[in-house]
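Be aware that the sequence shown starts at 1, since it is given in the numbering used here, and climbs by one per residue.
To be clear, the hints were calculated from the coordinates, so they are not data collected in a lab. It should be emphasised that the depicted structure is a prediction, and the values quoted were computed from it without experimental measurement. Check before you lean on any hint, since a few could be wrong.
[Stated by the list, open to error] Simulated DEER-style distance windows between Cβ atoms:
id, residue 1, residue 2, range
1, Pro172, Ser17, 16 to 24 Å
2, Asp31, Pro231, 27 to 35 Å
3, Thr20, Tyr240, 27 to 35 Å
4, Gly163, Ser5, 34 to 42 Å
5, Arg270, Thr23, 50 to 58 Å
6, Arg201, Ser82, 25 to 33 Å
7, Arg41, Arg252, 37 to 45 Å
8, Ser82, Gly50, 15 to 23 Å
9, Glu26, Asp161, 21 to 29 Å
10, Arg270, Val27, 51 to 59 Å
11, Leu29, Ser52, 13 to 21 Å
12, Arg270, Ser82, 35 to 43 Å
13, Gly148, Glu43, 30 to 38 Å
For every residue, glycine included, the Cβ atom is placed at its ideal position computed from N, Cα and C.
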Amino acid sequence: MAGRSPRAHEMGAFLRSRRTRLTPGEVGLPDGGVRRTPGLRREEVARLAGVSEGYYVRLEQGRAPHPSASVLGALARTLRLSADEREHLFALAGEAGPEPERAPLATGAHRMLELLSPPTAAYVINGRSDVLAWNDTAAALFGHLVEGTRPPNNVRYVFTDPGARDLFVDWPAIAADSVAHLRAAAGHRPDDAELAELIARLHEVSPDFRRLWAARGLRHKTGGRKELNHPVAGRMSLEYTVLAAPVDAGQRLVAYTAAPGSASHAALTRLGEPS
1 MAGRSPRAHE MGAFLRSRRT RLTPGEVGLP DGGVRRTPGL RREEVARLAG VSEGYYVRLE
61 QGRAPHPSAS VLGALARTLR LSADEREHLF ALAGEAGPEP ERAPLATGAH RMLELLSPPT
121 AAYVINGRSD VLAWNDTAAA LFGHLVEGTR PPNNVRYVFT DPGARDLFVD WPAIAADSVA
181 HLRAAAGHRP DDAELAELIA RLHEVSPDFR RLWAARGLRH KTGGRKELNH PVAGRMSLEY
241 TVLAAPVDAG QRLVAYTAAP GSASHAALTR LGEPS
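Please construct the entire structure, taking both the sequences and the accompanying hints into account.
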């Protein structure tokens, strides 16, 4: 519909996706027999959230007045949103300001990478998943980290480089996490032209990306484990940690390590040694 802002359009689609995944029983309503479409009806969501049906319909259509924080909270509770999903809804409504992000990476972030204890592999990433800086061990671990006319991008790598499917043992989980992080970034910066271009390009070239993007998953991971089949070092099991970079809002430091004395630690050490 003409005149809808990107935020309003995406908020409507997000509400619709969360409404259709719920069953009446999950929100305390009688089942009522077979339904023609999955999920709750719009009028049921409106009633449970304490808003008029017409207003909720306009929210899903992207043409309602700016919702208040109390309305957003009621919708989040009604739709059983997770903490990440609630944050995303508020961001789409403009209740959380866009993440400021300066283009150049300050010298301090490069220095921070240098101070990490070897053989840690680390890089600094922005909200679009552009990799802005990395150390030598990270470059040896992830082959796409090379200088070029544009920053390497982790999501583009996952969906367009065949080497990513060989490297990540559980590629489907990595792909889902990558899209979930990008979806969260889009909620904070729906007017980011570079982000929109990246999403459009991945839609064109990757059916897997299109499927995962349509699911509107959201995930903010601060750490975990990744299993790799590295072409040189072989099978590796690495722990990773994600920290906010103390340089620019929206940038994160991602560091990969392995338990000292383990085969993965030895392999990571060899990768970080000068060739």
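inquiry  = Going through the numbered hints above, which ones does this structure break? Give me the numbers in ascending order.
reply    = 2, 9, 13
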